[in-house]
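The listed protein sequences derive, respectively, from chains U and B. Be aware that the first sequence starts at 740, since it is given in the numbering used here, and climbs by one per residue. Be aware that the second sequence starts at 21, since it is given in the numbering used here, and climbs by one per residue.
The set of hints was computed from the structure by calculation and includes no laboratory data. Computed from a prediction, not measured in an experiment: that's the story for all the values here. Hints are supplied without guarantee of correctness; some may be wrong.
As the list claims (entries may be wrong) - Quick list of in silico lysine-lysine cross-link-like pairs, DSSO-like style, CA-CA up to 30 Å: (1) K797(U) - K761(U); (2) K77(B) - K761(U); (3) K807(U) - K761(U); (4) K77(B) - K807(U); (5) K797(U) - K33(B); (6) K810(U) - K761(U); (7) K781(U) - K33(B); (8) K796(U) - K781(U); (9) K810(U) - K33(B); (10) K796(U) - K761(U); (11) K796(U) - K807(U).
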Amino acid sequence: GENVEQHPSTLSVQEGDSAVIKCTYSDSASNYFPWYKQELGKRPQLIIDIRSNVGEKKDQRIAVTLNKTAKHFSLHITETQPEDSAVYFCAAPWMDSSYKLIFGSGTRLLVRP
Amino acid sequence: KAGVTQTPRYLIKTRGQQVTLSCSPISGHRSVSWYQQTPGQGLQFLFEYFSETQRNKGNFPGRFSGRQFSNSRSEMNVSTLELGDSALYLCASSWGGQNSGNTIYFGEGSWLTVV
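Next up, chain U with everything else stripped away, as it sits in the complex (with noise of 0.2 Å):
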């Protein structure tokens, strides 16, 4: 089955910095990857996922990089505004099964203005 690792559970970074969140994953056969951000006390939110065949995709001041040969996969946030902590979320499914996803442990982001 699949396992999702993430790093770091914690990142506080100042506003207008950059922030990296990484997560590697264990089936070579997973082929989608989203990223989920959940505000506290609300439900988690799509905010990006990329498939394998790419290896980036951008939307605005969000990117995620994909390297299926190391098995891991990136969130990058550029120019952080306050609204960007919460706890951020990667995914994986599971033996390819695209409605069973496996989830990262989450970070933590602070943005401190």
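Starting from the structure of chain U, add chain B where the hints point.
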């Protein structure tokens, strides 16, 4: 378009009781999955239903069960509640097609406290 709707949002139960949680997926979505979120264990997959059939299952005891109705609405049930079942239970919906990578959308969750 309405999002994923879960009821009830908050509930308190006593050990040994059972609970049923409900989820209405986004209109047109046929896949409904359930996750348990706790501070210690994070987000853990419970099960996924598609066209009224359980398609995937996580590593939870048999006390946790679910079902899906013909209108894609889903319920999950936890019997003989234990203190450790206190958690946020999240429902997620998706189109459900066989192509990998279909996005799942979460509901607001049901906060269950077992006392």
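A quick look at each hint next to the structure:
1. A threshold of 30 Å between alpha carbons decides the hint, and for K797(U) with K761(U) the separation of about 16 Å falls inside it, so the pair holds.
2. Pair hint K77(B) plus K761(U) holds up; C-alpha atoms about 27 Å apart against a cutoff of 30 Å.
3. For the hint linking K807(U) to K761(U), the alpha-carbon distance of about 13 Å falls within 30 Å, and the restraint holds.
4. Proposed proximity of K77(B) and K807(U) is supported: the alpha carbons are some 26 Å apart, at most 30 Å.
5. Distance restraint check for K797(U) and K33(B): the Cα-Cα separation of roughly 44 Å exceeds the 30 Å cut-off, and the hinted pair is therefore not satisfied.
6. A distance of roughly 11 Å separates the Cα atoms of K810(U) and K761(U); the hinted pair therefore holds under the 30 Å criterion.
7. Straight-line distance between C-alpha atoms of K781(U) and K33(B) comes to about 22 Å, which keeps the hinted pair within the 30 Å bound.
8. At most 30 Å may separate the alpha-carbon atoms for a hinted pair to count; K796(U) and K781(U) meet this at roughly 26 Å.
9. Restraint check for K810(U) and K33(B): not satisfied, since their Cα atoms lie roughly 42 Å apart, outside the 30 Å limit.
10. Among the hinted pairs, K796(U) with K761(U) is consistent with the structure: their alpha-carbon atoms are about 15 Å apart, no more than 30 Å.
11. For the hint pairing K796(U) with K807(U), the CA-to-CA distance comes to about 14 Å; that is within 30 Å, so the pair holds.
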